[in-house]
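A.B. asks: Below, each chain spelled out in residue letters.
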Amino acid sequence: ETGVTQSPTHLIKTRGQQVTLRCSSQSGHNTVSWYQQALGQGPQFIFQYYREEENGRGNFPPRFSGLQFPNYSSELNVNALELDDSALYLCASTNPQGAGELFFGEGSRLTVL
Amino acid sequence: SQQGEEDPQALSIQEGENATMNCSYKTSINNLQWYRQNSGRGLVHLILIRSNEREKHSGRLRVTLDTSKKSSSLLITASRAADTASYFCATPHTGTASKLTFGTGTRLQVTL
Chain A
168 ETGVTQSPTH LIKTRGQQVT LRCSSQSGHN TVSWYQQALG QGPQFIFQYY
218 REEENGRGNF PPRFSGLQFP NYSSELNVNA LELDDSALYL CASTNPQGAG
268 ELFFGEGSRL TVL
Chain B
7 SQQGEEDPQA LSIQEGENAT MNCSYKTSIN NLQWYRQNSG RGLVHLILIR
57 SNEREKHSGR LRVTLDTSKK SSSLLITASR AADTASYFCA TPHTGTASKL
107 TFGTGTRLQV TL
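Here the protein sequences line up with chains A and B, keeping their order.
Numbers in the numbering used here are just positions in the first sequence, counted from 1, shifted up by 167.
Numbers in the numbering used here are just positions in the second sequence, counted from 1, shifted up by 6.
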């Protein structure tokens, strides 16, 4: 149990639709990051949020966007879904007093048909 | 692109045996981390080794780091069926603390 919770756990969308995934970070963790993990691959960094601002982005197009709220919870939004967006989306929070370890949620599995 | 590459991609051993996984990376690092992932679930942080450390232990885990060879190894001693999972090494990106670059992972199967 990391204290990071994500919702929904599974969802199915069709190509072209939009999706919002949600994440509650562990108490006291003010940095939230999102990762995409395709089947059989390692997680790939999408972006990081700190103090409600995007603070670092990976190689993902602008249709991937996010928000962080004052309570440090976060959302990942993906517009104009494509088949290749099918993946496990992982949220992770970081302890500001730590050495950089990430605490992951269980993920949201998105299937795009 | 993946920074770390784990080797082997898959490993099958019997309970009680030791399991060794290797990781290579490309750029200079401040630390290297190992994570575990049970099938289709979230990742769990196992251990972090800093660039000025050569070896670190945590329970049945032993991690080594060779910065001259840009490689690390994870040893699980006296493995158990519950150790069955995928194991990933990850290195942080300078300037973005929670941007980790993960390898493709080693799938470990421990049989009774």
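Rather than coming from a laboratory, the hints here were simulated on the basis of the structure.
Virtual Cβ for every residue (Gly too), placed ideally from N, Cα, C.
Please note that a few of the clues may not be correct.
Stated by the list, open to error - Anything over 10 Å on all C-beta distances counts as not near chain A; from chain B, calculated: (1) L17; (2) G22; (3) S30; (4) R56; (5) S64; (6) R66; (7) R68; (8) T73; (9) D89; (10) A91; (11) P98; (12) S104; (13) T107; (14) T110; (15) T117.
Stated by the list, open to error - Here are some chain B residues pointing at chain A (derived, C-beta under 10 Å): (16) Y41; (17) Q43; (18) L49; (19) T90; (20) C95; (21) G109; (22) G111.
To be verified - Computed Cβ-Cβ distance ranges for the label pairs, DEER-style: (23) B:G46 x A:E249: 20 to 28 Å; (24) A:Q264 x B:L67: 31 to 39 Å; (25) A:N246 x B:T70: 27 to 35 Å; (26) A:F227 x B:A84: 38 to 46 Å.
A.B. asks: Kindly indicate which numbered hints from before are broken by the structure, ordering the numbers from low to high.
C.D. replies: 4, 11, 12, 13, 14, 19, 24 and 25
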